[in-house]
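*Asks:* So the chains spell out like this:
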Amino acid sequence: MKEQPISEQDRRRRKALIAFQIVCYGYLLTMFLIQMYMYSVRDW
Amino acid sequence: MMNTNTLTMGGMTNLDDHHLRSRQAQWQADKWMMVGALFLGTAVFGLIGFPLFLRGLALQIKAQRQGLSVRPTMVTLIGYLVAIDAALNSIGWALDLVAHHTLLARVFLMAWGNMFDAGYFWHYNELWIGGATAPGEKGWEIALLPVVFCMRIAAAIGFLQMKRWGQQWLIITCWFGVVAWVGYIANMTIFADVRYTGVVFPVIGWWLYDIFYITPFLALPYLHSVNREIFTD
Numbered sequence: 001m002k003e004q005p006i007s008e009q010d011r012r013r014r015k016a017l018i019a020f021q022i023v024c025y026g027y028l029l030t031m032f033l034i035q036m037y038m039y040s041v042r043d044w
Numbered sequence: 045m046m047n048t049n050t051l052t053m054g055g056m057t058n059l060d061d062h063h064l065r066s067r068q069a070q071w072q073a074d075k076w077m078m079v080g081a082l083f084l085g086t087a088v089f090g091l092i093g094f095p096l097f098l099r100g101l102a103l104q105i106k107a108q109r110q111g112l113s114v115r116p117t118m119v120t121l122i123g124y125l126v127a128i129d130a131a132l133n134s135i136g137w138a139l140d141l142v143a144h145h146t147l148l149a150r151v152f153l154m155a156w157g158n159m160f161d162a163g164y165f166w167h168y169n170e171l172w173i174g175g176a177t178a179p180g181e182k183g184w185e186i187a188l189l190p191v192v193f194c195m196r197i198a199a200a201i202g203f204l205q206m207k208r209w210g211q212q213w214l215i216i217t218c219w220f221g222v223v224a225w226v227g228y229i230a231n232m233t234i235f236a237d238v239r240y241t242g243v244v245f246p247v248i249g250w251w252l253y254d255i256f257y258i259t260p261f262l263a264l265p266y267l268h269s270v271n272r273e274i275f276t277d
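In order, the protein sequences belong to chains B and F.
Our numbering numbers the first residue of the first sequence as 1 and each following residue consecutively.
Our numbering numbers the first residue of the second sequence as 45 and each following residue consecutively.
The set of hints was computed from the structure by calculation and includes no laboratory data.
These numbers were taken from a predicted model, which means no experiment stands behind them.
Misleading hints may appear alongside valid ones.
Under 8 Å between C-beta atoms, here's a sample of chain F residues computed to sit facing chain B [what the hints assert, rightly or not]:
no.	residue
1	W71
2	V226
3	I229
4	A236
5	H268
6	S269
Think of the CB as a built atom: it goes at the ideal place given N, C-alpha and C, for glycine as much as any other residue.
Kindly generate the complete structure, drawing on both the sequences and the hints.
*Replies:* So this is what it looks like as structure tokens:
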């Protein structure tokens with residue numbers, strides 16, 4: 001079952017979704033860094 | 045009389061034979077991968093499941109190289125990953141939600157709480173509902189367990205069967221995953237003092253363990269742009 005090459009519209013859609021994911025993972029990374037900062041200043 | 049399907053193909057005898065051999069190869073590979081996924085989904089027996097799963101995956105890739113019509117490898121990987129992810133989340137949270145007083149839950153979840161997340165240690169089993177007491181945790185369990193994770197396992201099965209509804213519902217549950225993780229991590233950060241005080245491995249331990257669960261929505265660009273025609277109604 002070979003996959004067909006994707007259309008131009010799908011290519012743009014995929015690119016937009018990847019950009020969106022970078023934003024999502026950026027947010028998660030920010031939360032991680034906030035937690036790391038808290039870890040460094042608190043007595044956990 | 046000659047059947048319309050008795051066309052000669054490459055090294056194969058005919059289409060019927062090719063179809064039969066493809067189905068057999070796929071089922072053979074799926075048997076290994078399903079047993080592997082069942083073990084992996086229990087968390088504690090994960091180490092047993094991993095080699096079984098890899099054996100199934102190797103069988104499928106081999107069948108693909110032989111020219112048989114099997115499921116695309118990417119569909120297989122995403123389908124099983126999502127099913128295992130949902131099973132792992134379900135088992136832990138189902139224990140906490142409805143079986144929080146069992147010996148298994150008190151050992152398994154409180155050990156987890158002691159090591160990584162005090163939400164599962166601090167005042168454990170002291171609320172009227174029992175189980176984890178971290179602010180917001182029960183709300184996430186009730187919202188995500190019956191709605192997202194159950195739907196996600198069903199969607200993954202449909203997706204692995206190459207059904208159109210499986211692909212569509214996998215997209216929906218992967219978007220649920222984005223919402224769930226954005227909200228859950230905000231909650232963890234806001235109540236970080238409750239969740240990390242006194243634990244053995246604060247922050248880094250939790251993130252190392254949970255990063256696997258945060259990955260399923262990486263599948264979204266593929267799911268949105270894969271050729272829809274490979275999935276059947």
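*Asks:* Each hint should be assessed against the structure and marked as holding or not.
*Replies:* Hint-by-hint comparison with the structure:
no. : hint : verdict
1   : W71  : 15 Å, violated
2   : V226 : 7 Å, holds
3   : I229 : 5 Å, holds
4   : A236 : 5 Å, holds
5   : H268 : 6 Å, holds
6   : S269 : 4 Å, holds
Checked against the numbered hints above, the structure breaks only hint 1 and satisfies the rest.
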